[in-house]
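Asks: Same order as they appear, the protein sequences are chains U and L. Numbering follows UniProt numbering, with no gaps: position 304 of the first sequence is 304. Numbering follows UniProt numbering, with no gaps: position 120 of the second sequence is 120.
Derived by calculation from the structure, the hints in this document are not laboratory data. In this text, all values refer to a predicted model and were calculated from it rather than measured experimentally. Don't take every hint at face value.
Because identical chains cannot be distinguished in the list, a pair is counted as satisfied if it fits within a single copy or across any two copies.
Unchecked claim - DSS-like mimics (lysine-lysine), calculated; alpha carbons at most 27 Å apart, straight line:
id: 1; residue 1: Lys202; residue 2: Lys221
id: 2; residue 1: Lys423; residue 2: Lys66
id: 3; residue 1: Lys292; residue 2: Lys251
id: 4; residue 1: Lys133; residue 2: Lys531
id: 5; residue 1: Lys527; residue 2: Lys505
id: 6; residue 1: Lys375; residue 2: Lys351
id: 7; residue 1: Lys202; residue 2: Lys527
id: 8; residue 1: Lys221; residue 2: Lys513
id: 9; residue 1: Lys354; residue 2: Lys62
id: 10; residue 1: Lys104; residue 2: Lys527
id: 11; residue 1: Lys202; residue 2: Lys505
2 protein chains.
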Amino acid sequence: MKRNAEISIIPLGGRGEIGNNMILIEYNDEILILDCGIMFPTEDMLGIDLVMPDISYLIENKDRIKAMLISHGHEDHIGAIPYFLREISNIPIYGTRLTLGMIKKKLEEHHLMGSTELRQISAGQEISLDPFKIKFVKVNHSIPDAVAMGIKTPSGTILYTGDFKFDQTPINEQPTDFNGLTQLGEEGVLALLSDSTNAEQKGYSVSERVVNDTINSIFEKADGRIIVATFSSHLDRLQQIINAAYETDRKIAISGRSMIANTKIAKDLGYLNFPDDMLLEIRKINNLPDHKIVYLMTGSQGETMASLTRIARGDHRQINLHKGDTVLLSATPIPGNERSVGETINQLFEKGAKVIYGRELDVHVSGHAYQEELKMMLNMTKPKYFIPVHGEYRHLYHHSLLAKDVGIPEDNIFIAKNGSRLKVSEKNAYFASPVSTGKILIDGSGIGDVGNIVLRDRRILSEHGIIIVVITIESGTGKVLAGPDIISRGFVYMKESQELIEEAKNRLNIVLKECQEKNITDWSKLKTKLKDPLRDFIYNETRRNPMIMPIIMEVPNK
Amino acid sequence: MKRNAEISIIPLGGRGEIGNNMILIEYNDEILILDCGIMFPTEDMLGIDLVMPDISYLIENKDRIKAMLISHGHEDHIGAIPYFLREISNIPIYGTRLTLGMIKKKLEEHHLMGSTELRQISAGQEISLDPFKIKFVKVNHSIPDAVAMGIKTPSGTILYTGDFKFDQTPINEQPTDFNGLTQLGEEGVLALLSDSTNAEQKGYSVSERVVNDTINSIFEKADGRIIVATFSSHLDRLQQIINAAYETDRKIAISGRSMIANTKIAKDLGYLNFPDDMLLEIRKINNLPDHKIVYLMTGSQGETMASLTRIARGDHRQINLHKGDTVLLSATPIPGNERSVGETINQLFEKGAKVIYGRELDVHVSGHAYQEELKMMLNMTKPKYFIPVHGEYRHLYHHSLLAKDVGIPEDNIFIAKNGSRLKVSEKNAYFASPVSTGKILIDGSGIGDVGNIVLRDRRILSEHGIIIVVITIESGTGKVLAGPDIISRGFVYMKESQELIEEAKNRLNIVLKECQEKNITDWSKLKTKLKDPLRDFIYNETRRNPMIMPIIMEVPNK
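Next up, chain U with everything else stripped away, as it sits in the complex:
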């Protein structure tokens, strides 16, 4: 049983990236899955909708999977569940009440209800999934009902924080269960897996309560309509906005599919509290005087189709901005969104709105622990080994420095890669042979059918478009029956480049003539013979490298 005395920790995603959070804990050939998140595509993933971790390792080891445990209801922790269930069903999913509420919504959207069992747990509870015992500990985050997990095995306890912060004055809920954490520390934590998102931020994160004060004063000052954009999953923030509206005797209309869905779930489950008559439909609220109106919506990230972005562009069907409106962006741009958010802000100003945004104004605080809190987590739980998770390499790196600061020996700190298999036991810890993993790209309804070659083609097409050369030849003789025709898209205006195209045709005709004299009738040969000179010609004339695609049709020789 020696081998089995070791615990394997395998991050399938979330290391070296923000999102894709998914970690495996293996003991005695039993696998626990911690979270199942997606990430949003980076600029170079052209046309991609979502990204999820490669779960082929889990597919191969289906039968060994014991359960999936979810820390909280954000996309980067639950988003991949529907795609997971299409491959592997009937894995019981454990989560708190709100978290399961969010998951249920997803499964309904994907027509996957009944494909597995959702088992509700609550903070403070300990459940047994032999050989594991799991203790759930309440933590604060930017969504209620978030938990850390103490995963107890005969060989020791692995503590996974999920996303967390320490908020002494949270909205609508209790502070982090410090006792629960220190108790695990007392019993002994073999390894700590802790959230690194803000490992570069000095000091302590700011309490959600601070935002409360800002929002209230903004609502008190505003005499026109108020438009608030924030994350649809940020229920604490939504509650504060609802409270402020209530205090200033305003009604609320919600715009945006996800915002409407999430507020409904949260209200039904009791995580949002407000009198029913406070919520009006947009067309109804539009009849009220301006000082009675609050619009609550998505678009804080400048997403093209989100409500605020459409209002800023002036193409929202039901809401037209007018002078005197106050617009509050209660969120900070996620890296990569700065420019689109800036664009939205410019458009809002131009339409005469008073726009309130920016960190320094306390209109948003982070849901992730800062450096002092991260050290506190380490000091409260006193782990033997430390593995920073959730973050780009720079965040993991800085988190590891913090661990050193509080006295974790350098040799006991491990920065894992996606797919790394870290084996830990009281005796020692080391990296064993990794499992194969990677990113799966989701484009439309296709999962994983778009890869590097397709993306490379999309990049070339996006930069200088495509030039298509079509020729019909007589099979056997290779006699040209029609063409060469040249068609381009995304290259230049055809009409403005008639000469260029004509000259290109001439050159192709010369090449074709040569080929016939040498009677080259082999397609592939012919294609390269046409492609290369055309590419060079186009580049010399335009300094551009469009994709060049010769197509040869063959007509049977009569």
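Using the hints provided, position chain L relative to the given structure of chain U.
Replies: Positioned in the frame of chain U, the structure of chain L alone reads:
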């Protein structure tokens, strides 16, 4: 002469955007051009290299152009000069010594030397270009030899600040000529055009000297090699790095074409000072011990092909990162570059480098005035009318609030659009009929041959690629001789979607059969008949919208 008593101020670019700075001053039908800059393309301008203002108004009014005056040598103020000169040559260009040095380099690269006359001026000087008199006033910025311009006309003086900050302890040069500014204020400024870039930033900008201290302490601490990335045009910064290297007895090697070119110009003109033997070629410096080496390079913005980016990726031919190297990013990311810069930082950390970056560390300060300096500029020059320039709408808007704060009447503040014609005189100021302008996209060697349609096609291609359907028919009869063939690029792996393609072909064949029965031989009709059902089929199967392009070849009926 009544009409002529008015001065027209016409921004052709730089309003509502960062870059493209170009402003026209018209008086008595004489035109002065202030700056001639480019801007870098936004994400939605796929494949575009540069953007410049539409100068068709100037082309139409060639003969009225008196001269071009340049405030300083940055791309967003001189970058469009070569493209301007291709359309309009022999317009004398006025600038300070360094500014002309930068321009000369450009003209040489574009083989445009001799296409016009470069006339050197110096700060403090006043020149006469009847009916204008222009007084040049020294200001601080992130490049030496920057000037503001007081443009004097019989109807009053227009003061254009260019880019500026007030630095009490600049590197290698004098502080802003406050006396020159206040003097213009005393004589009376009719209208002030002032830099709005940092109008959202509270307080005063930080002196370049502060960066000096940070850089020195970094150099003193570092025991390995030092790699510094910054803007190649930021000569003050380069001087500081050279000084720090000199103090710590290190040699310097420069990597990156623009960095090498700019340092050479600046050294030749005496704007960079260092003993010749301090500069070594990379292959030479690589033979020195680590603690003797400084690499100076571009890439502070994560630009794909820049030196630092290549080093981070591990594909720089001459420089391989190793543990113990210190990397200093002496610049903050321009909005839109955050993610690529972050990516570079992650890669540098992973290769074991000590990476130093981020505003809070004082490794970079802005070259543009903050709010208190902007107010000071207003108070020193006491303009009757105020026109904020250089900035997105949000910046212009906040700058106008500052003007109100210092007592400029709201009616005397004008936020102009690109192409607006603002007429000003002692009597009054108002917007007259605008001139036509816009953005010209430069792609490779093509200027303006890429527009919205081409960009839209590139966007569609970039998102889901292209599906091409080729058919050869017999002319007249419309009999199908070959095809339909289906080829795709950037859509999905062909091999993984054989079935999809086969099914698509079947559907096309059905459509073709119908067409022949109804004997539809008209190309365009046939194309739509093929296109629409295929689009629907592909979307239903994949939820994607690739560009669909039917091509029909016609072979003469024998």
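Asks: Each hint: holds or not?
Replies: Here's how the hints hold up against the structure:
{"no.": "1", "hint": "Lys202 / Lys221", "verdict": "between (33 Å within a copy, 22 Å between copies)"}
{"no.": "2", "hint": "Lys423 / Lys66", "verdict": "within (19 Å within a copy, 76 Å between copies)"}
{"no.": "3", "hint": "Lys292 / Lys251", "verdict": "within (6 Å within a copy, 68 Å between copies)"}
{"no.": "4", "hint": "Lys133 / Lys531", "verdict": "neither (64 Å within a copy, 59 Å between copies)"}
{"no.": "5", "hint": "Lys527 / Lys505", "verdict": "both (14 Å within a copy, 23 Å between copies)"}
{"no.": "6", "hint": "Lys375 / Lys351", "verdict": "between (46 Å within a copy, 26 Å between copies)"}
{"no.": "7", "hint": "Lys202 / Lys527", "verdict": "neither (60 Å within a copy, 62 Å between copies)"}
{"no.": "8", "hint": "Lys221 / Lys513", "verdict": "neither (79 Å within a copy, 70 Å between copies)"}
{"no.": "9", "hint": "Lys354 / Lys62", "verdict": "neither (55 Å within a copy, 42 Å between copies)"}
{"no.": "10", "hint": "Lys104 / Lys527", "verdict": "neither (53 Å within a copy, 45 Å between copies)"}
{"no.": "11", "hint": "Lys202 / Lys505", "verdict": "neither (64 Å within a copy, 61 Å between copies)"}
The structure does not agree with the numbered hints 4, 7, 8, 9, 10, 11 stated previously, though it agrees with the rest.
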